[in-house]
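*Asks:* Sequence:
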Amino acid sequence: MVRPNEEVEALLREYADLVLITGGDAFKARAYEKAARAIGGHHADVSKLDAAGLREIPNVGRSIADKVIQYLQTGRMPAVEDVRSKVPAGVRQLMAIPTLGPRKAMALYEDLHISSVPELLDALHEERLRDLKGFGPKTEENILHGIGLMQAAGDRVPVNVAMDVAEEIVAELSVLSGCESCTYAGSLRRMRETIGDVDVLVAAGRSAPFMDAFTRLPGTAEVIAHGMKKTSIRTTKGLQIDLRVVPPDSWGAGLQYFTGSKAHNIRTREMAVHRKLKLSEYGLFHAESGKKIVSQSEEEIYARLGLPWIPPTLREDRGEIAAGLRGELPALVTEADIRGDLHTHTDLTDGLAPLDEMVEAAARRGLRYYAITDHAPNLSMQRMTDEKVLAQRERVRELDGRHRKMRLLHGTELNIDPDGNVDWPQEFLRDFDLCVASVHSHFHQGRDALTRRLVTACENPEVNIIGHPTTRLLGKRPGLDMDLDVVFAACARTGTALEINAHPDRLDLSDELILRAKRYGVKFAVNTDAHAPLHLAYLRYGVGTAQRGWLTAGDVINTWPLARLRRFLDKKGSAGAPSSS
DNA sequence: GCCGTTTTCGGCCCGACTGTTTTCAGTCG
Numbered sequence: 001m002v003r004p005n006e007e008v009e010a011l012l013r014e015y016a017d018l019v020l021i022t023g024g025d026a027f028k029a030r031a032y033e034k035a036a037r038a039i040g041g042h043h044a045d046v047s048k049l050d051a052a053g054l055r056e057i058p059n060v061g062r063s064i065a066d067k068v069i070q071y072l073q074t075g076r077m078p079a080v081e082d083v084r085s086k087v088p089a090g091v092r093q094l095m096a097i098p099t100l101g102p103r104k105a106m107a108l109y110e111d112l113h114i115s116s117v118p119e120l121l122d123a124l125h126e127e128r129l130r131d132l133k134g135f136g137p138k139t140e141e142n143i144l145h146g147i148g149l150m151q152a153a154g155d156r157v158p159v160n161v162a163m164d165v166a167e168e169i170v171a172e173l174s175v176l177s178g179c180e181s182c183t184y185a186g187s188l189r190r191m192r193e194t195i196g197d198v199d200v201l202v203a204a205g206r207s208a209p210f211m212d213a214f215t216r217l218p219g220t221a222e223v224i225a226h227g228m229k230k231t232s233i234r235t236t237k238g239l240q241i242d243l244r245v246v247p248p249d250s251w252g253a254g255l256q257y258f259t260g261s262k263a264h265n266i267r268t269r270e271m272a273v274h275r276k277l278k279l280s281e282y283g284l285f286h287a288e289s290g291k292k293i294v295s296q297s298e299e300e301i302y303a304r305l306g307l308p309w310i311p312p313t314l315r316e317d318r319g320e321i322a323a324g325l326r327g328e329l330p331a332l333v334t335e336a337d338i339r340g341d342l343h344t345h346t347d348l349t350d351g352l353a354p355l356d357e358m359v360e361a362a363a364r365r366g367l368r369y370y371a372i373t374d375h376a377p378n379l380s381m382q383r384m385t386d387e388k389v390l391a392q393r394e395r396v397r398e399l400d401g402r403h404r405k406m407r408l409l410h411g412t413e414l415n416i417d418p419d420g421n422v423d424w425p426q427e428f429l430r431d432f433d434l435c436v437a438s439v440h441s442h443f444h445q446g447r448d449a450l451t452r453r454l455v456t457a458c459e460n461p462e463v464n465i466i467g468h469p470t471t472r473l474l475g476k477r478p479g480l481d482m483d484l485d486v487v488f489a490a491c492a493r494t495g496t497a498l499e500i501n502a503h504p505d506r507l508d509l510s511d512e513l514i515l516r517a518k519r520y521g522v523k524f525a526v527n528t529d530a531h532a533p534l535h536l537a538y539l540r541y542g543v544g545t546a547q548r549g550w551l552t553a554g555d556v557i558n559t560w561p562l563a564r565l566r567r568f569l570d571k572k573g574s575a576g577a578p579s580s581s
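Just so it is clear: in the first sequence, position 140 is 140 by UniProt numbering, and no numbers are missing.
Keep in mind the hints are simulated off the structure, nothing from the lab.
C-beta atoms are modelled at their ideal positions from N, C-alpha and C, and glycine is treated no differently.
Be a bit skeptical, because a hint or two may be false.
[As the list claims (entries may be wrong)] In silico DSBU-like pairs for lysine-lysine, Cα to Cα no more than 35 Å straight-line:
1) Lys237 - Lys104
2) Lys48 - Lys86
3) Lys104 - Lys28
4) Lys276 - Lys292
5) Lys571 - Lys104
[What the hints assert, rightly or not] Here are the simulated distance ranges between beta carbons:
6) Pro478 - Arg206: 40 to 50 Å
7) Ala263 - Arg30: 42 to 52 Å
8) Lys138 - Ser116: 41 to 51 Å
9) Glu299 - Thr139: 49 to 59 Å
10) Arg519 - Thr139: 26 to 36 Å
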């Protein structure tokens, strides 16, 4: 069910963690991490590579290539199994708690025999961590806070993980005979940022063949329920998937019902009741006679309720019903509207692929323009220099001449320092086509300082886009504590766009913050922040999030033709004129 | 364990912050 590259990546990451937990060589662990990342981001399917092919992947040498080959041939990696047998799985799980790394996880296991999050919680409540060397009251507080963050995420998975599984299942079921329609519904269809369980819907006359095939899918770990209308499984990764088979005639009603959200469905059912109708997953009926009115398509059902078809990404009871009744639903931005990507990396800094490969991949996706924005020197771990970035610019200009259909922009991702200043003097920045600026450290300055910091960055005439504006990481790190209304107002005033970072671990800004920012007249840029060609495909999640924020193509600067985009980028540099669109 | 070489070892991203410590270990980006 999972791409072999990702399986291998996960195994190598696990090995790296276990090396650290067992006190092994930190450089060895890093070597495995780097190889894991490179394989995860590698364009070719590793299961189709031989040892020589594997070793062409950066950071994969003889030892790791051999282990990967062994795994691909036998399904096992003995080195990982060895070290697994020494450390209970729960100890590694402890490392998922922010601020709890391998050393502390190890200490908890060795000294207190703690090997799971619940055990750790018990120990915390019984104050058993107090006697442990290196664990003070603040550490306790941080661990509790970290566990809270993780539990808030619950068992939900990032949207891309659910999407990959769902699309594979839909593909498998769609080819069975008797399948008239098949798709995923639920929060995944609404493109929520995390997914609790996946709903798959099939329209067919007979349900049994689909239910049976479903329970036999590779990657099924457990069949939770097996019926004629609904079957639920749990995958080996712990994700629950529900399959529902409806008669072809009920397709629209089923899709509407199982797409949700619950709040949206309550509103639509209320509307039905007011019209002396009844709406269920089987159709829209006369309340009294029970006679079916419509059920075949969502459009028919919404129409009979006096509504236009409502895009799934809006179905959250956030005013979409009222807007629909007024005929004022927004024409949401779509993936096809996106003409360019304005935030991407290469292996000149922390990307995985060289410039040429990133550009080729972008061109294959049909983009009309593409910005390369590697990290600037102040993020010192990336080792950027003036010479390197200028050499890159020359190379970008050369490549630009080669692509007829796609123009290349040379930009950079600046680091917003604690005072709101960025890398390089103004005159150096002026020669970039665009500058993204982002916060990468000093997250806990306090609300006032953080607000000032972001406003200062917006006021910099060379800064065009604020990258991943809150710096949140889903399930790991909350967003910066700042006065967003002040920041949004500053963006609107200075013609600085806010990024909607499409990476599934970020989706930053979030849908709700997009809605808030839009009221200030802010413009947005949906960017992938790609570090490998594969990441360019994350665009769909950024677009989904933009849709959930009710954005139209007009709100998103990278849907604009290049000439208009350039005017937006230039306008800021010339005398700080306000943004226009 | 990988990489590069001035090729077979020595360096590996580096700095800052936090909390605990009393000079530093662990974690993070």
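*Asks:* Hint by hint, say whether it matches the structure.
*Replies:* Hint check:
This hinted pair checks out: Lys237 and Lys104 have alpha carbons roughly 26 Å apart, not beyond 35 Å. For the hint linking Lys48 to Lys86, the alpha-carbon distance of about 32 Å falls within 35 Å, and the restraint holds. The hinted pair formed by Lys104 and Lys28 meets the criterion: a straight-line CA distance of about 19 Å does not exceed 35 Å. At most 35 Å may separate the alpha-carbon atoms for a hinted pair to count; Lys276 and Lys292 meet this at roughly 13 Å.
Among the hinted pairs, Lys571 with Lys104 is inconsistent with the structure: their alpha-carbon atoms are about 51 Å apart, more than 35 Å. In this structure the hint that Pro478 and Arg206 lie 40 to 50 Å apart at CB holds, the actual value being about 49 Å. Remark: the range hint 42 to 52 Å for Ala263 to Arg30 is upheld by a beta-carbon distance near 46 Å. For the pair Lys138 and Ser116, the supplied restraint of 41 to 51 Å is violated, since their beta-carbon distance comes to about 23 Å.
The given range of 49 to 59 Å is respected by Glu299 and Thr139, whose C-beta atoms sit roughly 56 Å from each other. Roughly 41 Å separates the CB atoms of Arg519 and Thr139, a value that falls outside the hinted 26 to 36 Å.
Of the numbered hints given earlier, the model fails hints 5, 8, 10; all others are met.
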